[in-house]
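Trainee: Take the sequences, apply the hints, and build the full model.
Chains as they are written, first to last, in my numbering: chain V, 1 to 345; chain S, 1 to 345; chain E, 1 to 345.
Since the hints were derived computationally from the structure, they do not count as laboratory data.
List time: in silico DSBU-like cross-link candidates among lysine-lysine, alpha-carbon distance up to 30 Å:
no. : chain 1 : residue 1 : chain 2 : residue 2
1   : E       : K60       : S       : K175
2   : S       : K188      : E       : K60
3   : E       : K295      : V       : K60
4   : E       : K333      : E       : K175
5   : S       : K60       : V       : K188
6   : V       : K175      : V       : K295
7   : S       : K314      : S       : K295
8   : V       : K60       : E       : K175
9   : V       : K175      : V       : K333
10  : V       : K60       : E       : K188
11  : S       : K241      : S       : K188
12  : E       : K60       : S       : K295
13  : V       : K314      : S       : K60
14  : E       : K314      : V       : K60
15  : S       : K60       : V       : K175
16  : V       : K333      : V       : K314
Since we're looking at a predicted model, the values are computed, not measured.
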Amino acid sequence: MAYLRNAWYLAAWSSEVRAAELFQRRLLDEPLVLYRLSDGTPVALQDRCPHRFAPLHMGKIVDDGVQCPYHGLQFSESGTCVANPHGPVPGAARVRSYPVAERYSAIWAWMGDPAQATPDSITPFEFLSPEHWCVGTGYLRINAHYELETDNILDLSHIEFLHPLFASEAVRAAKVQSLHEGDTVWSKRFITRDTPPDFIYTGFNIPRGELVDRWLDVRWNAPANMVLNVGGVISGQPREKGVQLQQAHVFTPESATTTHYFYAVSFPRAMGPHAEQLARQSVETLRGPFESEDKPIVEAIARNMGTQSFWDLKPLLLSIDGASVLARRILAKKIDAEQSDQPPA
Amino acid sequence: MAYLRNAWYLAAWSSEVRAAELFQRRLLDEPLVLYRLSDGTPVALQDRCPHRFAPLHMGKIVDDGVQCPYHGLQFSESGTCVANPHGPVPGAARVRSYPVAERYSAIWAWMGDPAQATPDSITPFEFLSPEHWCVGTGYLRINAHYELETDNILDLSHIEFLHPLFASEAVRAAKVQSLHEGDTVWSKRFITRDTPPDFIYTGFNIPRGELVDRWLDVRWNAPANMVLNVGGVISGQPREKGVQLQQAHVFTPESATTTHYFYAVSFPRAMGPHAEQLARQSVETLRGPFESEDKPIVEAIARNMGTQSFWDLKPLLLSIDGASVLARRILAKKIDAEQSDQPPA
Amino acid sequence: MAYLRNAWYLAAWSSEVRAAELFQRRLLDEPLVLYRLSDGTPVALQDRCPHRFAPLHMGKIVDDGVQCPYHGLQFSESGTCVANPHGPVPGAARVRSYPVAERYSAIWAWMGDPAQATPDSITPFEFLSPEHWCVGTGYLRINAHYELETDNILDLSHIEFLHPLFASEAVRAAKVQSLHEGDTVWSKRFITRDTPPDFIYTGFNIPRGELVDRWLDVRWNAPANMVLNVGGVISGQPREKGVQLQQAHVFTPESATTTHYFYAVSFPRAMGPHAEQLARQSVETLRGPFESEDKPIVEAIARNMGTQSFWDLKPLLLSIDGASVLARRILAKKIDAEQSDQPPA
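Mentor: What follows is the structure, encoded as C-alpha cells:
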C-alpha cells in the first residue's frame, strides 16, 4: 500500500514516551522504537537490529543510545553502531534513524527522505502547545484504514445519527461549506438559532433560554491531521463574542488496516488551575462517543469493505462528502507525485 | 469460490427474525440484513449502505424501510433510497434487495437473478409448516465447507462409529440404496430385525421384546437441503403400520470455509399440546451429538483438507459414498451450467 | 517452503506416546498420528484417512492398527487398509507410513524416501539413552522458523544479555571457536579464570573460592539437532578432572513459522537414585529461561522478519555468527542437493 512518506506523522503523545524508557510503535508498516535522550530530546530508530533482527525496544538505553537485547550491539541516537561486545565495531552497521520533532505535546516522525524533513512543515496545532495550554490527550487503536477516519471527522453530518445526544432540529438543518485553501481542506458547519442541551449552554457560557448560533469547523491537512473548532455565541452576535473550543483529531496509519487515533483538547493556562482539570475531564468525556459510537461504525465499514478499495466499491457521493472527497483527492495527488519522483521505499 | 446462485437458501429460521429488529447474516460471502415489515412480511437487503458502506443492521427500521446508522439515508423494503436528510434523494441510490419467501418455519433468500425467483422452487419441507406441525428448530455455525456436511448426512454409515449410542449389530448390517429421481438424491438405509435401545422402542411406540425393522431415508436437493426420515415398525409389518419422524438438515454456505447449519424436527399439532414440548425436547436432544460428535469431525476434516479441494485430494470412494457423490455431481453440474450462462455475480 | 526430507526428525519424546493412545503431531506441514504396537514399538502414520480425510488420531487403536473415527476403515501399522465395515477392503487404500525408530528417549520419524531410512543416521545423543542415563525432557512450541532457534543455540554470546543470571566478566571475555567436521558444526566457548555464581560451583562440585575454567561446546547436526556440553574444572586443570553436563536442544519444524522445541538433560544412572530427581529438577529449572527469555526474543525476531527470509533481509554478520552461518549453509546445501535429485514431496 502506498503511504505519503515525505510527511510528519504524529508518532506518540509526548507523555507516552517517558524518560529512560523504550517505547515501541509501528507506523506505516515500519517498527519504530522511540525514546528520550538524557536531555529529554526524543529519538526514533528502526526497531530492528541489523544483526539478528531483534526488536531494540526489548533492550535498554545505554549512553543515550540503544543496546540490543540479544547480543548487545549498541546504536547511537543517530542509528550508528557504536559498540560490539564481541569484536570490532562493524563500520557499516546502522539502524535507520527517523527525523523527529517535539511540538504541540506530541512527537512527530518523518517517514520519508530525511533531507526533506523540516519541522516547519508540521501541521500547526498551536492550541496543543504546552506553554500556553493545558492539554488533554487520548489514544485509540482503530481496526480500519486511516482515511475512513478522515471521512468521519470531515463529515459531521453523522452527529445526528451516531451521536443522538448532540442531535437537534437545528443540527439537522445545519448549513455546510466545503472548501480548500491550497492543500488545506475546510469543512464548515453552521447551526443557527439552536436550543441545545444544557451542557452546551454551560460549555459556551450562554444563559439558558437564549437561542444559540454554533459552528463546527474542521480543518484538514495531509495525511490525516485535523482540527475541529467547536464554537457557540448568542444567536445573531458575531463569533468574536462567543466561545470556541478546539479539538485535535490526528490519524496515523499503523498498517493498511489499522490506525493510531490521537485526539486532544485544551484550555488556556490563563484560565488558572481549573484549566488542567477541565482538559483532563473533557478528553475523558470525549472518549465515550469516540470509542462506543464512532469506532464501532468505522470498524464495521472496514469489515464490510474487506480488501476492496474505497473507489473500487463505487461509493454514492452526496453533498456532505464534499470535504472528504477533496481531502482524499489531495492526498492521492501527493502520494502519486511522490511515487513518480522515486520508487517506493 | 463458485456458489449456485439461482437457488433458495435457508437464510434464517422464522423465529430468528423478530418484529421490529434488524438481523444480520452473511450468505455466500454477502452481508444481508433481514427484518420484517409491520405486517410481518420478511425482507432481505444487502447489509451495506452504498454511500459509506456502513452495515444497515446497525441502523433502525423506519417506515418499513431501513435507516443507515451513519448518515441516515433511508431505503425502502425494495432497496430504493427514499430519504436523504442532507439533500435531494439520489435517484440511482439503492441497495440490493433479495427475493425472500417465508415457508416451512424459515425465511428463504434467493441469491441469484431475481427474475428467476419463484417460491415454488423452494425445496419442500411440509413437515415444518407451522399450520399443522409443532416445529423445533436449531442452529449451529460450522467451520467447514457446506458440502462436507452434505456428505455427513447422506452417508449415515458413520452412525456406528461417531454415534455409538445408536449403534447395534443390525445397524452395522444395514442395507443401503443410493438413487436419484431427476435432481433429487435419495440415500435409503434399511435396518432389519433390530433390537434397538429402549428410547427407540419408545419413540416408535413398539413393545420391548419385538424385533424392529427400521429405516433412515435421506432426501437431498441442491444446494444442501436434506430431509431425514427416521422410521420403525414391528419386524415384518408394512411401513404404514409403523411410525416415522422427520428431521430437516439444511446447510447454507456463509463462506467457502464456514456454514450455517439449520436443523429441525416436528410433531403434528393433531397430537395435542404435548407436540410442542416434544418438538422442543427432541431438537434439544439432537443438538448433543450434532455439536459434540458430528461438528468436531467435520471441522477436523476441513482443517486436514486445508485449502485443497475434495477432488484434488483424490478421495478413496467406497460403496457408502454413492449418494454423496451423486449430490456433489448434480450440484457441480448446476453450478457449471449457471457459470456458462452468465459471468459470476 | 523447502524442508530437508531425507532426515530423521525428533517427532516426540518417548514418554509423550503412551501405550494404547493415539498421539497427533504435525511435522514439516504434514499431520502425523503416533502410537505404539502392543509390544511397545512406535508407529507413525499420516493422520488423514484417504476416504474422507478424517484425522485418524480421533479414532482408536484396533489390532495394532488404527480405526478411522468416521466410517471405521482400519489401517495396519504399515498403513495398509485391512478392514472396511461397509464392503470389500479397497486394495489400493492406504495411508502413508513413516519409518520410525526409538532411540535416546525419543521417537524419530523419517520424512523422506523410506528406502533411504536407516536408523544409523539418527544424530547420536548417547547421554539420552535410558539404559544408562536418567533423562529429563521438556517441550515448548515456538512461533518462529526452526533455524532461528539453531542460531540461538549455536551463538551463546547472547547469554550475557538475555540471561543476566549467568553473566560475568569472564563470560563476557570468553573465547569462541567455530569449526566443522564434515557436516557436523561445532561452536566452542572457553571461559577462563571465572568466579561464577554459587549454583555453578555446586553443579561442577568445585570449592568456592577457586577460579574456574568453563566450556560451553555446542555440536550441531542437520536439520537442527544440537548437543550442548556444559563443563567446568578448577582453573588450570585438564578437562578430564572436571565435570561435564550435557543438554539436548532439538528443533523440528511444525511449519514454516512454528517449531517443536525438544530439550533434555541427563544424569548417569550410576549416580544412584538421586540421578532421577536431579534430571527432573534440572529440566524444570532450564524451562524458566528457555520459556521466558529465549522464546520471547526468538518469536519477536520472527515477527520482525515477517514473511521475508533471513538472507533477503541482509543480516549484518559478526564473528559470533560463524557457527550458525556454517550450519545454515550446510543445511541449505543438503536441501538443494535433495531438491535437484527429485521433485519436492
